[in-house]
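K.L.:
Following the hints, position chain A against chain E.
So the protein sequences, as listed, match chains E and A.
Each step along the first sequence adds one to the number in the working numbering, with nothing skipped, and position 100 is 100.
Each step along the second sequence adds one to the number in the working numbering, with nothing skipped, and position 60 is 60.
Rather than coming from a laboratory, the hints here were simulated on the basis of the structure.
Fair warning: this is a prediction, and the values are worked out from it, not measured in the lab.
Just so it is clear, CB atoms sit at the ideal spot from N, CA and C, and this is done for glycine as well.
Treat the hints with care, as some may be off.
Stated by the list, open to error - DEER-style ranges, computed between Cβ atoms:
{"no.": "1", "chain 1": "A", "residue 1": "39", "chain 2": "E", "residue 2": "7", "range": "15 to 21 Å"}
{"no.": "2", "chain 1": "E", "residue 1": "80", "chain 2": "A", "residue 2": "110", "range": "44 to 50 Å"}
{"no.": "3", "chain 1": "E", "residue 1": "12", "chain 2": "A", "residue 2": "38", "range": "31 to 37 Å"}
{"no.": "4", "chain 1": "A", "residue 1": "15", "chain 2": "E", "residue 2": "41", "range": "27 to 33 Å"}
{"no.": "5", "chain 1": "E", "residue 1": "78", "chain 2": "A", "residue 2": "53", "range": "35 to 41 Å"}
{"no.": "6", "chain 1": "A", "residue 1": "75", "chain 2": "E", "residue 2": "70", "range": "41 to 47 Å"}
{"no.": "7", "chain 1": "A", "residue 1": "75", "chain 2": "E", "residue 2": "18", "range": "22 to 28 Å"}
{"no.": "8", "chain 1": "E", "residue 1": "55", "chain 2": "A", "residue 2": "9", "range": "42 to 48 Å"}
{"no.": "9", "chain 1": "A", "residue 1": "22", "chain 2": "E", "residue 2": "39", "range": "20 to 26 Å"}
{"no.": "10", "chain 1": "A", "residue 1": "53", "chain 2": "E", "residue 2": "15", "range": "46 to 52 Å"}
Okay, here's what each chain looks like letter by letter:
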Amino acid sequence: GAGVSQSPSNKVTEKGKDVELRCDPISGHTALYWYRQSLGQGLEFLIYFQGNSAPDKSGLPSDRFSAERTGGSVSTLTIQRTQQEDSAVYLCASSLPDSPKPRSARETQYFGPGTRLLVL
Amino acid sequence: SQQGEEDPQALSIQEGENATMNCSYKTSINNLQWYRQNSGRGLVHLILIRSNEREKHSGRLRVTLDTSKKSSSLLITASRAADTASYFCAPSSGGSYIPTFGRGTSLIVHP
Numbered sequence: 001g002a003g004v005s006q007s008p009s010n011k012v013t014e015k016g017k018d019v020e021l022r023c024d025p026i027s028g029h030t031a032l033y034w035y036r037q038s039l040g041q042g043l044e045f046l047i048y049f050q051g052n053s054a055p056d057k058s059g060l061p062s063d064r065f066s067a068e069r070t071g072g073s074v075s076t077l078t079i080q081r082t083q084q085e086d087s088a089v090y091l092c093a094s095s096l097p098d099s100p101k102p103r104s105a106r107e108t109q110y111f112g113p114g115t116r117l118l119v120l
Numbered sequence: 001s002q003q004g005e006e007d008p009q010a011l012s013i014q015e016g017e018n019a020t021m022n023c024s025y026k027t028s029i030n031n032l033q034w035y036r037q038n039s040g041r042g043l044v045h046l047i048l049i050r051s052n053e054r055e056k057h058s059g060r061l062r063v064t065l066d067t068s069k070k071s072s073s074l075l076i077t078a079s080r081a082a083d084t085a086s087y088f089c090a091p092s093s094g095g096s097y098i099p100t101f102g103r104g105t106s107l108i109v110h111p
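Isolated chain E (complex conformation) (with noise of 0.2 Å):
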């Protein structure tokens, strides 16, 4: 089936733009994660949302990222006044819900192909 996909692939804006990224998580996974990684470096968690509950923000880098899962399935994140360190790629993942798959099964990620931000 289909698998996580992301949008845009690549998105090269200026310094002080607000830009918004898009995640499709597959289809019935109610955990939906962002992280984002910068060249050469291993990746770093922004934000993880499960089902109805409050999402996990303790990722967050700042104030200007923000991010919202509507209807419990499609996520955005949004970056304001984006500044030349938010240059990275960000990758959003999803994974299985609670039940009644086993716990191996929730616990693994399938990641999507990521959006390559450059901020001028």
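P.N.:
Just chain A, lined up with the frame of chain E:
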């Protein structure tokens, strides 16, 4: 927060050789996962090992976990050029099961 650290940062081998990558972490874990990333884009899940497991296999992959040393290793046997990628370990701890990633090991397999 918990984060895996992979070692070595880079590894270059010939096709057919075995590749071993190590991961260390700091606090008690629920599980530890290994992922592969090609060309700096999406990650592919390889294997998950729980804190009460010591070894798991999947095809040419073998993962070990030593909780006393807070370390894990990924062994790829009979490597192929197609195994060229970055490999990340992602331990998770606490109640949220959010994996946290290190900088990865860049593996190059020469044909």
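K.L.:
Decide, hint by hint, whether the structure agrees.
P.N.:
Quick rundown of the hints versus the structure:
no. : hint                        : in the structure
1   : 39(A) to 7(E): 15 to 21 Å   : holds (18 Å)
2   : 80(E) to 110(A): 44 to 50 Å : holds (45 Å)
3   : 12(E) to 38(A): 31 to 37 Å  : violated (23 Å)
4   : 15(A) to 41(E): 27 to 33 Å  : holds (28 Å)
5   : 78(E) to 53(A): 35 to 41 Å  : holds (40 Å)
6   : 75(A) to 70(E): 41 to 47 Å  : holds (43 Å)
7   : 75(A) to 18(E): 22 to 28 Å  : violated (46 Å)
8   : 55(E) to 9(A): 42 to 48 Å   : violated (33 Å)
9   : 22(A) to 39(E): 20 to 26 Å  : holds (23 Å)
10  : 53(A) to 15(E): 46 to 52 Å  : holds (48 Å)
Hints 3, 7, 8 from the earlier list are contradicted by this structure; the remaining hints agree with it.
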